[in-house]
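Engineer: Now for the letters of each chain:
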Amino acid sequence: MERATREREKEQREQAQTNDEAQQCPECNSANVITDQSERVCEDCGLVLEDDQIDHGPEWRAFNSSERDQKSRVGAPTTKTMHDKGLTTQIDWKDKDAYGRSLDAKKRNQMNRLRKWQERIRTKDAGERNLQFALSEIDRMASALGVPRSVREVASVIYRRALKEDLIRGRSIEGVATACLYAACRQEGIPRTLEEVTEVARIDQKEIGRTYRYVAQELSLEIQPTDPKEYLPRFASDLELSEEVIAKAREIIDTSAEQGLLSGKSPSGFAAAAIYAASLLCNEKKTQREVANVANVTEVTIRNRYQEQIEAMGFGV
Amino acid sequence: MTDPKETINIENVVASTGIGQELDLQSVAMDLEGADYDPEQFPGLVYRTQDPKSAALIFRSGKIVCTGAKSTDDVHESLRIVFDKLRELSIKVEDDPEIVVQNIVTSADLGRQLNLNAIAIGLGLENIEYEPEQFPGLVYRLDDPEVVALLFGSGKLVITGGKEPKDAEHAVDKITSRLEELGLLD
Numbered sequence: 001m002e003r004a005t006r007e008r009e010k011e012q013r014e015q016a017q018t019n020d021e022a023q024q025c026p027e028c029n030s031a032n033v034i035t036d037q038s039e040r041v042c043e044d045c046g047l048v049l050e051d052d053q054i055d056h057g058p059e060w061r062a063f064n065s066s067e068r069d070q071k072s073r074v075g076a077p078t079t080k081t082m083h084d085k086g087l088t089t090q091i092d093w094k095d096k097d098a099y100g101r102s103l104d105a106k107k108r109n110q111m112n113r114l115r116k117w118q119e120r121i122r123t124k125d126a127g128e129r130n131l132q133f134a135l136s137e138i139d140r141m142a143s144a145l146g147v148p149r150s151v152r153e154v155a156s157v158i159y160r161r162a163l164k165e166d167l168i169r170g171r172s173i174e175g176v177a178t179a180c181l182y183a184a185c186r187q188e189g190i191p192r193t194l195e196e197v198t199e200v201a202r203i204d205q206k207e208i209g210r211t212y213r214y215v216a217q218e219l220s221l222e223i224q225p226t227d228p229k230e231y232l233p234r235f236a237s238d239l240e241l242s243e244e245v246i247a248k249a250r251e252i253i254d255t256s257a258e259q260g261l262l263s264g265k266s267p268s269g270f271a272a273a274a275i276y277a278a279s280l281l282c283n284e285k286k287t288q289r290e291v292a293n294v295a296n297v298t299e300v301t302i303r304n305r306y307q308e309q310i311e312a313m314g315f316g317v
Numbered sequence: 318m319t320d321p322k323e324t325i326n327i328e329n330v331v332a333s334t335g336i337g338q339e340l341d342l343q344s345v346a347m348d349l350e351g352a353d354y355d356p357e358q359f360p361g362l363v364y365r366t367q368d369p370k371s372a373a374l375i376f377r378s379g380k381i382v383c384t385g386a387k388s389t390d391d392v393h394e395s396l397r398i399v400f401d402k403l404r405e406l407s408i409k410v411e412d413d414p415e416i417v418v419q420n421i422v423t424s425a426d427l428g429r430q431l432n433l434n435a436i437a438i439g440l441g442l443e444n445i446e447y448e449p450e451q452f453p454g455l456v457y458r459l460d461d462p463e464v465v466a467l468l469f470g471s472g473k474l475v476i477t478g479g480k481e482p483k484d485a486e487h488a489v490d491k492i493t494s495r496l497e498e499l500g501l502l503d
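Chains A and B supply the protein sequences, listed in that same order. Following this note's numbering from start to finish, the first sequence increments by one per residue and tops out at 317. Following this note's numbering from start to finish, the second sequence increments by one per residue and tops out at 503.
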């Protein structure tokens, strides 16, 4: 986890650098601006564009091996999934002191009161409280769906954008939060179907779909229609199918989509049928019902899509 | 190949008008033969004309909405029948109340299969709405004429929101030329 964070930070820095390169020097209009340690300098005329930059990277000095192992200047990285970016203090529920000893009753009560007030003080107004609620909703649903951290982060960013553009007004916080999570899943290429999202949400599917369309349109998220292939690994692993089946299903989807069979068809149903067909072809047969249950579609859908796909593949039945 | 414009067919015309006075729907419902009035289900009185086939929704405020007609002429024709019926009940209706067409729904056929995924990306994701999970059609909002077109994988399309029959023709023209530009019609 820590390594992943570091890598991400490195990526971010690299990205910042490419941004720098795209910038022009205001003095000589040269595009030759470089970042040198903590200064941004124009290489042609020597103008310093920015100095004393904050270095977001880890500490590079270490005097012994244990320090080298934990080169870091601060605590956890800031995150958009907390309303305060995770900067304020949280008092834990362990009731232990710094030595790991249990607190006595009097101290415990005191800590309880402190904790209560800390929780209250963390949010400074109703807006922040709403944001905190929405973000915890996103976190709850994301946990229930088992999507990775990055998706939560993206969902939180989308929600914050929606909040800034005043899209929440007139809509429920739960609704927008759910729609943001659904959008984030799709944006990150690990789509969940609306049905799956509805199962963990507190509002109905229609409302989620409607809010999603609204948010996606207003923020011009430009999310492409879901590619059925993105469902394959998940469905296949739920059904304990081999890599071979996934490859075959991919081939089926590509071939049949090329012939225009995908137009207007639900991507999850399409993927489910391809998995079913591929499992037959690879001698790892799953019943239509098993596939239907995993994909949250009906057996009828699978049969219909399956027929079309088999015909497109030229196998005939 | 046939011109898609020839396949244009008006499916529904909705128009509104009014007789400028409040009505007691209960008594109108009693006197007017074939009128449906169930205020618990719908606040308006429904009167269906057979020829031309349409339904007029008469409201307490005296406003009338006519829907289900297949052409603008049919709307005028059936509303004329409604006005005559009301006059028979000795409700004053001026000679020629203004009839405003609110919406025309048309269908058309491009005559070939469409790859909606490619169209969605080609037309720009900000202009269209294509959510196969929620609805199999692709929603394309045009600015001029101001109509909404639903494109389906079969090549059929539905155009709604037009105020004049011509709007649909313009829309079909525009859609075919846009799709041809993108090389998505072949």
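Everything labelled a hint here was simulated from the structure, so no lab data went into it. Among the clues, some could well be false.
As the list claims (entries may be wrong) - Here's a subset of chain B near chain A, in silico, CB distances under 7 Å, partners left out:
hint, residue
1, Phe400
2, Asp401
3, Leu433
4, Gly439
5, Asn444
6, Pro453
7, Gly472
As the list claims (entries may be wrong) - Below, a list of computed lysine to any residue pairs in the SDA-like style, where the Cα atoms sit at most 25 Å apart:
hint, chain 1, residue 1, chain 2, residue 2
8, A, Lys80, A, Pro233
9, B, Lys370, B, Asp412
10, B, Lys473, A, Glu174
11, B, Lys473, A, Glu258
12, A, Lys206, B, Phe452
13, B, Lys480, B, Glu328
The C-beta atom is built at its ideal place from N, Cα and C for all residues, glycine as well.
Engineer: Could you run down the list of hints and mark each one as holding or not?
Structural biologist: Here is what the structure says about each hint:
1. Given the 7 Å rule on beta carbons, the hint for phenylalanine 400 (chain B) is violated: about 39 Å separates it from the nearest Cβ of chain A.
2. Interface restraint check: aspartate 401 (chain B) against chain A, minimum CB-CB distance 43 Å, threshold 7 Å, status violated.
3. Satisfaction of the interface hint for leucine 433 (chain B) is found here, the shortest Cβ-Cβ separation to chain A being roughly 4 Å, below the 7 Å cut-off.
4. About 12 Å separates the beta-carbon of glycine 439 (chain B) from the nearest beta-carbon of chain A, more than 7 Å, and the hint is not met.
5. Nearest Cβ of chain A to the Cβ of asparagine 444 (chain B): about 10 Å, over the 7 Å cut. The hint is violated.
6. The closest approach between the C-beta of proline 453 (chain B) and any C-beta of chain A is roughly 3 Å, which is under the 7 Å cut-off, so the hint is satisfied.
7. Contact between glycine 472 (chain B) and chain A, as hinted, is not supported at the beta carbon level, the nearest pair being about 9 Å apart and thus beyond 7 Å.
8. Distance hint between lysine 80 (chain A) and proline 233 (chain A) is unfulfilled; the C-alpha atoms sit about 29 Å from each other, more than 25 Å.
9. Restraint check: the Cα-Cα separation between lysine 370 (chain B) and aspartate 412 (chain B) comes to about 22 Å, which is no more than 25 Å; the hinted pair holds.
10. A threshold of 25 Å between alpha carbons decides the hint, and for lysine 473 (chain B) with glutamate 174 (chain A) the separation of about 37 Å lies outside it, so the pair is violated.
11. A threshold of 25 Å between alpha carbons decides the hint, and for lysine 473 (chain B) with glutamate 258 (chain A) the separation of about 19 Å falls inside it, so the pair holds.
12. About 11 Å separates the Cα atoms of lysine 206 (chain A) and phenylalanine 452 (chain B), which keeps this hinted pair within 25 Å; it holds.
13. For the suggested pair lysine 480 (chain B) and glutamate 328 (chain B), the alpha carbons sit about 13 Å apart, so the restraint of at most 25 Å is met.
Hints 1, 2, 4, 5, 7, 8, 10 from the earlier list are contradicted by this structure; the remaining hints agree with it.
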